[in-house]
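Enquirer: Listed below, chain by chain, are the residues.
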Amino acid sequence: MGPFLIDLTGAQINGDLVQIFDADVPPGTYNEIRFVIAPVDADAGVSDQVAAMKGASVIIDGTIAEPLSDGGTFDTSFSFTSSLHATQKAEVKMTFAVDSATHNVTLTIDPRNWFNGPDGSRLDPAFAGNQAAIEDNLRRSIRARADDDHGGGDGDGHH
Amino acid sequence: MGATKLVVTLLCVLFASACKSNSGNMSINAQGSASALVDGGSISDDGGTVSADGGSAQGGVLDLGQGIEVSRARIVIASLSLEGHPDAGGMSADGGNGSIGKGSRCPASAANPITATTRATTIAARATSSWARS
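So the protein lines, in turn, are chains V and W.
Sequence positions in the first sequence follow this note's numbering and run 1 to 159.
Sequence positions in the second sequence follow this note's numbering and run 1 to 134.
Just to be clear, a hint being listed does not mean it is correct.
[Said to hold, decoys possible] For each label pair, taking beta carbons as the anchor points, the in silico distance ranges come out as:
#  : chain 1 : residue 1 : chain 2 : residue 2 : range
1  : W       : H85       : V       : D99       : 12 to 22 Å
2  : W       : G60       : V       : T87       : 25 to 35 Å
3  : W       : H85       : V       : G129      : 39 to 49 Å
4  : W       : G60       : V       : S69       : 22 to 32 Å
5  : V       : Q131      : W       : G60       : 22 to 32 Å
6  : V       : Q49       : W       : H85       : 29 to 39 Å
7  : W       : H85       : V       : A44       : 24 to 34 Å
8  : V       : F127      : W       : H85       : 40 to 50 Å
9  : W       : H85       : V       : E66       : 52 to 62 Å
10 : W       : H85       : V       : T73       : 35 to 45 Å
11 : V       : S121      : W       : G60       : 18 to 28 Å
12 : V       : S79       : W       : H85       : 38 to 48 Å
Don't read these hints as lab results, they were simulated from the structure.
From the three backbone atoms N, C-alpha and C, an ideal C-beta is built for every residue, glycine too.
Modelling step: build the complete structure from the supplied sequences, incorporating the hints.
Expert: Below you can see the structure in the form of structure tokens.
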């Protein structure tokens with residue numbers, strides 16, 4: 001299924017749960033979730049939200065504080081854009097039956113280290129030389145899990 | 001001849017109907033997890049503040065520390081699928097026949113919500129704050 005867009009703003013980035021969509025699944029037992037982060041052709045009959053990505057797979061908007069000579073800072077807006085391709089898998093155990101309760105799959109995005117280098121230094125998203133390192137961080141920051149209780153943590157999945 | 005056509009039509013309707021009801025439901029959600037703090041951070045359970053390094057998350061902006069704040073993140077999931085063992089020769093959840101469920105009983109058609117894959121496109125924020133379980 002897909003493509004679809006995860007669009008997180010404000011408190012959603014901080015941990016609120018956002019429902020993306022529901023889907024019908026054939027009855028059976030499933031042991032793996034696989035998802036692909038990738039750009040999508042805007043002409044491929046996708047939603048307006050996906051089309052608005054204009055060939056990017058990730059866009060992060062924010063501000064970065066630049067130091068001033070007087071010791072203060074000023075904020076500069078940035079929009080980090082990437083055409084990252086990444087495939088992620090997660091082991092789960094989900095059994096679907098006709099008319100049974102809905103099972104939840106949660107894609108968890110951890111933004112804490114998006115702009116941190118291996119040594120903890122800041123990766124300026126406006127500096128093109130940091131593109132690959134930030135994309136590596138993005139790749140590691142997203143995972144899927146079965147989460148029927150919406151309880152966070154590792155949920156029902158096996159990782 | 002007319003009777004033959006009628007029978008064929010009825011079979012198709014029953015077949016499509018069986019496929020339509022013969023499915024479970026899966027809800028896809030997304031969640032940021034910045035509330036898992038790094039050293040020196042703090043978190044309140046009143047929905048007010050999240051801190052990664054002494055910064056805060058207020059007014060819809062997440063402070064990642066080191067002078068970087070994020071207000072919006074958009075990520076395209078090109079595809080999502082389940083791998084496993086559909087019952088009765090079914091299909092993989094991505095709407096195809098998958099690597100396991102070959103010989104599908106449910107034909108790809110507009111009448112079959114499984115092959116249509118995404119039955120609904122509900123987008124709704126759920127106020128399930130993560131603060132309470134920190």
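Enquirer: Would you mind marking each hint as holding or not holding in the structure?
Expert: Okay, the hints, checked on the actual structure:
| no. | hint | in the structure |
| --- | --- | --- |
| 1 | H85/W / D99/V: 12 to 22 Å | holds (19 Å) |
| 2 | G60/W / T87/V: 25 to 35 Å | holds (31 Å) |
| 3 | H85/W / G129/V: 39 to 49 Å | holds (47 Å) |
| 4 | G60/W / S69/V: 22 to 32 Å | holds (31 Å) |
| 5 | Q131/V / G60/W: 22 to 32 Å | holds (26 Å) |
| 6 | Q49/V / H85/W: 29 to 39 Å | holds (33 Å) |
| 7 | H85/W / A44/V: 24 to 34 Å | holds (31 Å) |
| 8 | F127/V / H85/W: 40 to 50 Å | holds (48 Å) |
| 9 | H85/W / E66/V: 52 to 62 Å | holds (55 Å) |
| 10 | H85/W / T73/V: 35 to 45 Å | violated (56 Å) |
| 11 | S121/V / G60/W: 18 to 28 Å | holds (27 Å) |
| 12 | S79/V / H85/W: 38 to 48 Å | holds (43 Å) |
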